[in-house]
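Undergrad: Model the placement of chain A on the given structure of chain G, informed by the hints.
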Amino acid sequence: MKITLITDLTRVILLAIASLVIGLAVNFWRGSPLSFAYHSPEQRLVSDLNQLITAPAFRLSDLDAVQLDELKEIVAQHKALIVDARTSAFYDSGHIPGAVNLSRANFARDYLHLRSRLDESKSSPVIVYCSGGECHDSRMVASALITLGFSQVRIFTGGWDAWTAASEPVEHQ
Amino acid sequence: MMGITSRSSFWRGALLLTRLVLGAAFIYAGWIKALDPVGFADSVNSFAILPSILISPFALAMPIFEIFSGILILTGIPARLGAFALLCLTGVFSIALVSAILRGLSVNCGCFGPSASTTNPWVDLGRDILIIVGCAAVYRG
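Line by line, the protein sequences are chains G and A.
Reminder that position 160 of the first sequence reads as 160 in this note's numbering, one-by-one numbering, no gaps.
Each position in the second sequence, counted from 1, maps to that position plus 1000 in this note's numbering.
Simulated from the structure, these hints should not be mistaken for lab results.
Built from N, CA and C at the ideal position, the CB exists for glycine as well.
Incorrect hints may appear among the rest.
Chain A is nowhere near these chain G residues, computed Cβ spacing over 10 Å in every case [what the hints assert, rightly or not]: (1) Q67; (2) S88; (3) D92; (4) K122.
Beta-carbon label-pair distances, calculated as ranges [stated by the list, open to error]: (5) A:S1106 x G:H136: 32 to 42 Å; (6) A:L1125 x G:F90: 47 to 57 Å; (7) A:V1092 x G:L112: 25 to 35 Å; (8) A:S1099 x G:K122: 36 to 46 Å; (9) G:T147 x A:V1021: 44 to 54 Å; (10) A:A1136 x G:G31: 34 to 44 Å; (11) G:L45 x A:S1106: 16 to 26 Å.
Same shape as in the complex, but just chain G (with noise of 0.2 Å):
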């Protein structure tokens, strides 16, 4: 009895090995392999963020442009999701009243801070800005969300040096 469940046992971890040596065979000649080194879904998703971010941005004319008079009245009435992507020790000094932070340089932490507020917002308007003139951190940011499904994303291209110039109000942290 003993030697037959040691037999037994042996045999099993023969097929163990057999089926090792088939599995990474199999997986060699894949269209697309798995990994040998594991990554979580949370560090695909970092990695594929980070990418993206980094991805370049959308031209300024194919982004819909939002006006500082459409603004004003969209943030009067919570009417869209505004996104300052500056980093965030601007963003603490001062932002948009009900702004959030996904900030360019930090976009994939910032982005999973906020993914369950942003994920409601996918069909919703976004207006992203950021420091205003020449930035380019807005359009990354909002090339960035059109790529991950976001489907009403626009640019305030004015950003924050024209909402402070017109002594609108500010939040602070």
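TA: Showing chain A alone in chain G's frame:
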């Protein structure tokens, strides 16, 4: 004498049915997992038992092991080995499941293919106990 013969043929029929059900179930389960190794690796990871270096090899080997064992128990050449292999596999999985329950983890068993939602571990455990009983019966013959 007649009673013993009919009981013996009933037992043989029950064992044959058990072999067919277990064999088909494990071939299907292995095939579904082999089609989506990334999803199955995520299921393995949800148990938080294996170190990350072992997750991919395990996720690649286990579906093939299930298919082989399923073929052995289904075809009966030799059914004993297939039953013993599935007994070991299900036994180890049940221990992992109990460990996950005790640690309060929300696991996705990935038994019949990866799914985004978690599964009820008690249902999985109940099914495993039935499989263990079936495999033990086939192994004893």
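Undergrad: Would you say G:D92 is clear of chain A, with no C-beta pair closer than or equal to 10 Å?
TA: holds, 34 Å
Undergrad: Measuring Cβ to Cβ, find out whether G:S88 lies farther than 10 Å from everything in chain A.
TA: holds, 30 Å
Undergrad: Is the hinted range of 47 to 57 Å satisfied by the C-beta distance from A:L1125 to G:F90?
TA: Roughly 53 Å apart at Cβ, these two residues keep to the hinted range, so it holds.
Undergrad: Any Cβ of chain A at or closer than 10 Å to G:K122, or is the non-interface label fine?
TA: holds, 17 Å
Undergrad: Just tell me: holds or violated, for the beta carbon distance of G:L45 and A:S1106 against 16 to 26 Å?
TA: The hinted range 16 to 26 Å holds for G:L45 and A:S1106, with Cβ atoms some 18 Å apart.
Undergrad: In this structure, is the beta-carbon distance linking A:S1106 and G:H136 contained in 32 to 42 Å?
TA: holds, 41 Å
Undergrad: Within 34 to 44 Å: is that where the Cβ-Cβ distance between A:A1136 and G:G31 falls?
TA: The hint (34 to 44 Å, Cβ to Cβ) holds, given that A:A1136 and G:G31 are roughly 40 Å apart.
Undergrad: If you check the beta carbons of G:T147 and A:V1021, does the distance land in 44 to 54 Å?
TA: At roughly 47 Å between Cβ atoms, A:V1021 and G:T147 fall inside 44 to 54 Å, so the hint holds.
Undergrad: Is 36 to 46 Å right for how far apart the beta carbons of A:S1099 and G:K122 are?
TA: With a Cβ separation near 37 Å, A:S1099 and G:K122 satisfy 36 to 46 Å, so the hint holds.
Undergrad: Taking C-beta pairs only, is G:Q67 more than 10 Å away from all of chain A?
TA: holds, 41 Å
Undergrad: Given the hint of 25 to 35 Å, is the C-beta distance from A:V1092 to G:L112 inside that range or not?
TA: Distance hint for A:V1092, G:L112 holds at roughly 33 Å.
Against the hints set out earlier in the document, no violation occurs for any number.
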